[in-house]
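K.L.:
Listed below are the residues making up each chain.
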Amino acid sequence: MRTLLGLGFLVLMAPCPLQILAAQERTTVGGYGEVHYTNRTGPKTPAVVNLARFVVYLAHSFDDRLAFRSELEVEDAKVEGGKPGGEVALEQAYLDYRLGDWITLRTGLVLAPIGIINETHEPPTFNGVERPGFDTDVIPTTWREIGVGAVGTIPGGSGLAYRVYLVNGLRADGLSAAEGIREGRQEGRQASFANPSFTGRVEWARPGVKIGGSFWYGGTADTNAAVGTGAFGAPVALVSADARYDSGPFALRAVVANISVSDAQAINAAYAQSVGSRIAGGYVEGAYNLLRLVAPASSQKLNAFLRHERYDTQASVPAGVTRDRALARRITTFGLAYKPTWNTAFKGDYQLLRNAAGVGELDVLSLGVGYQF
Amino acid sequence: MSIALGLLLLAAQSPAAPPAKVAASIARVFGAGARADTLRVDTVSVLRVSRADSLLGFAAIGNVLGKDQPITLLVAIGPVDRLKDVDILVYREPYGGEVAYEPWRRQFRGKTAGDSLRVGKEIRSISGATISVHAVTLGVRRMLAQLTAWHQSGAIR
Numbered sequence: 000m001r002t003l004l005g006l007g008f009l010v011l012m013a014p015c016p017l018q019i020l021a022a023q024e025r026t027t028v029g030g031y032g033e034v035h036y037t038n039r040t041g042p043k044t045p046a047v048v049n050l051a052r053f054v055v056y057l058a059h060s061f062d063d064r065l066a067f068r069s070e071l072e073v074e075d076a077k078v079e080g081g082k083p084g085g086e087v088a089l090e091q092a093y094l095d096y097r098l099g100d101w102i103t104l105r106t107g108l109v110l111a112p113i114g115i116i117n118e119t120h121e122p123p124t125f126n127g128v129e130r131p132g133f134d135t136d137v138i139p140t141t142w143r144e145i146g147v148g149a150v151g152t153i154p155g156g157s158g159l160a161y162r163v164y165l166v167n168g169l170r171a172d173g174l175s176a177a178e179g180i181r182e183g184r185q186e187g188r189q190a191s192f193a194n195p196s197f198t199g200r201v202e203w204a205r206p207g208v209k210i211g212g213s214f215w216y217g218g219t220a221d222t223n224a225a226v227g228t229g230a231f232g233a234p235v236a237l238v239s240a241d242a243r244y245d246s247g248p249f250a251l252r253a254v255v256a257n258i259s260v261s262d263a264q265a266i267n268a269a270y271a272q273s274v275g276s277r278i279a280g281g282y283v284e285g286a287y288n289l290l291r292l293v294a295p296a297s298s299q300k301l302n303a304f305l306r307h308e309r310y311d312t313q314a315s316v317p318a319g320v321t322r323d324r325a326l327a328r329r330i331t332t333f334g335l336a337y338k339p340t341w342n343t344a345f346k347g348d349y350q351l352l353r354n355a356a357g358v359g360e361l362d363v364l365s366l367g368v369g370y371q372f
Numbered sequence: 000m001s002i003a004l005g006l007l008l009l010a011a012q013s014p015a016a017p018p019a020k021v022a023a024s025i026a027r028v029f030g031a032g033a034r035a036d037t038l039r040v041d042t043v044s045v046l047r048v049s050r051a052d053s054l055l056g057f058a059a060i061g062n063v064l065g066k067d068q069p070i071t072l073l074v075a076i077g078p079v080d081r082l083k084d085v086d087i088l089v090y091r092e093p094y095g096g097e098v099a100y101e102p103w104r105r106q107f108r109g110k111t112a113g114d115s116l117r118v119g120k121e122i123r124s125i126s127g128a129t130i131s132v133h134a135v136t137l138g139v140r141r142m143l144a145q146l147t148a149w150h151q152s153g154a155i156r
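Just so you know, the sequences run in chain order F and W.
Last residue of the first sequence: number 372 in numbering that gives the first Met the number 0, and the count goes up by one each step with no gaps.
Last residue of the second sequence: number 156 in numbering that gives the first Met the number 0, and the count goes up by one each step with no gaps.
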């Protein structure tokens, strides 16, 4: 496994006392990645294979309380000037100072704690080769910004945990009709702190159950007075709820989100866009482990799943914008995921990409492998 | 898993966690007034828990590795080698602390070393805490097996 100290999976402390062990500085390496084969229907659309993500997790404990954690990602295998695709980016890089179970102070480049996929995005944790379209166009995964905050569990066995951050805000000049707030993210790259934003999450867990609620609130105007003035000029307000349920061979998950872009009209005027004033949608997904039927003793999994997404990045539009009904998307995905271990997955799925206008609809066959360790 | 590695798993009791936490855990699992004596097995400490003259059980403290931090847990068995309870004494990771919740830990109660303990089968997982769930389940399985083996061989009595 990933420890430099461990004997396999277990850190064995006898006969060395824990206090000595825990006080030692320790570096940990992990990672995840995924390779995709994508074949879209339609003329002149040959299949594409892509090393979509290769991510190295690197963490270091300075002492019992202070730890650094990071993820460095290479997308599309390589980056080359003048060629499309390809990205090298830090997905996370922060310091944690642990005061107790109930609070850890965190500062650095942090993941917005919104929905399911943004924080838990390792490929074996979700069904389907690609992340859900909702988790690209509505919740813009992997959404990370720089800030400070606190994470912890609420004591007393309540089953409640929270995360709250104050981070840099979105930028209105990146908002668009088709991808909503996605390109408004700043992702830690010389980000403007003109519009500090709040984001947070509360979740409740039981074995097999997790229910969460998340929010984001902050301005987007940056320094453009035509869009808005003050720290909370042209605010974006997001609320989201999610649920996961696992019982024996069954797994269900669902996410909904609503984003209001309060000054969409001003943003559209300033940047010649047609950003919706409301972006909304969600998905439900059910899965069944087929190995329960044919090999009930196996700890491997063969999940058959079906997911249905509905979302619209122009659920409402400001004056002066005609709704593009092709943005009201309906995506149905069904397929299989074979998991020889809990942290590896071989996936195949078929997607029906539909929209309310019936324009540009297509089907996609995807295959993929993913791992985490 | 070799015996040697298994032996190493059970840790010296006293330095593994704040003594007050260990004492509170023993009192919670075995009831107030339970007396804990430290036994040595090779280089490892095991707690023998009794009240008056009757044996209540044994407890051991060990560590498993979560994503990047050790998770310190206590595993307690009764006099006939049934798992009484599991306690997470110190959890240090930022995600996955749900393994300390009682509704998850109580899945282990009453299990014996001969019982299967697998995540997703006998032990339900928790979304977002998968790494910790697997680590703690593995640790419980091995510590339960080791305590049972020692008790049945007379190494602890």
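Be careful, since some hints might not be right.
[To be verified] Estimated spans, in silico, between C-beta atoms of each pair:
1. F:Asp63 - W:Arg117: 28 to 34 Å
2. W:Arg39 - F:Phe61: 32 to 38 Å
3. F:Phe372 - W:Leu54: 40 to 46 Å
4. W:Arg117 - F:Leu71: 30 to 36 Å
5. W:Arg117 - F:Phe372: 56 to 62 Å
6. W:Pro17 - F:Gln299: 38 to 44 Å
7. F:Ala240 - W:Gly153: 52 to 58 Å
8. F:Leu104 - W:Leu54: 22 to 28 Å
9. W:Pro17 - F:Thr340: 32 to 38 Å
10. F:Gly80 - W:Pro17: 54 to 60 Å
11. F:Leu71 - W:Gly32: 51 to 57 Å
[As the list claims (entries may be wrong)] Covered by chain W, according to a simulated footprint, are these stretches of chain F (three or more residues, beta-carbon under 8 Å):
12. 96 to 106
13. 116 to 130
14. 155 to 162
15. 196 to 207
16. 306 to 315
These are calculated hints, taken from the structure and not from any lab test.
Idealized CB from N, CA, C, for every residue including glycine.
K.L.:
Taking the hints in turn, state whether each one holds.
P.N.:
Against the structure, the hints come out as follows:
1. F:Asp63 - W:Arg117: 28 to 34 Å: Given about 32 Å between the Cβ atoms, the range holds.
2. W:Arg39 - F:Phe61: 32 to 38 Å: The hinted range 32 to 38 Å holds for Arg39 of chain W and Phe61 of chain F, with Cβ atoms some 33 Å apart.
3. F:Phe372 - W:Leu54: 40 to 46 Å: Check passed, 42 Å falls within 40 to 46 Å.
4. W:Arg117 - F:Leu71: 30 to 36 Å: holds (33 Å)
5. W:Arg117 - F:Phe372: 56 to 62 Å: Since Arg117 of chain W and Phe372 of chain F have Cβ atoms about 19 Å apart, the given range 56 to 62 Å is violated.
6. W:Pro17 - F:Gln299: 38 to 44 Å: holds (40 Å)
7. F:Ala240 - W:Gly153: 52 to 58 Å: holds (56 Å)
8. F:Leu104 - W:Leu54: 22 to 28 Å: Since the Cβ atoms of Leu104 of chain F and Leu54 of chain W sit about 45 Å apart, the hinted range of 22 to 28 Å is violated.
9. W:Pro17 - F:Thr340: 32 to 38 Å: holds (35 Å)
10. F:Gly80 - W:Pro17: 54 to 60 Å: holds (55 Å)
11. F:Leu71 - W:Gly32: 51 to 57 Å: holds (54 Å)
12. 96 to 106: holds (count 4)
13. 116 to 130: holds (count 3)
14. 155 to 162: This one holds; 3 residues, not fewer than the three required, reach chain W with a Cβ under 8 Å.
15. 196 to 207: Since three or more residues must qualify, the claim that chain W covers the stretch 196 to 207 of chain F holds, with 5 doing so at under 8 Å.
16. 306 to 315: violated (count 0)
The structure shown violates the earlier hints numbered 5, 8, 16.
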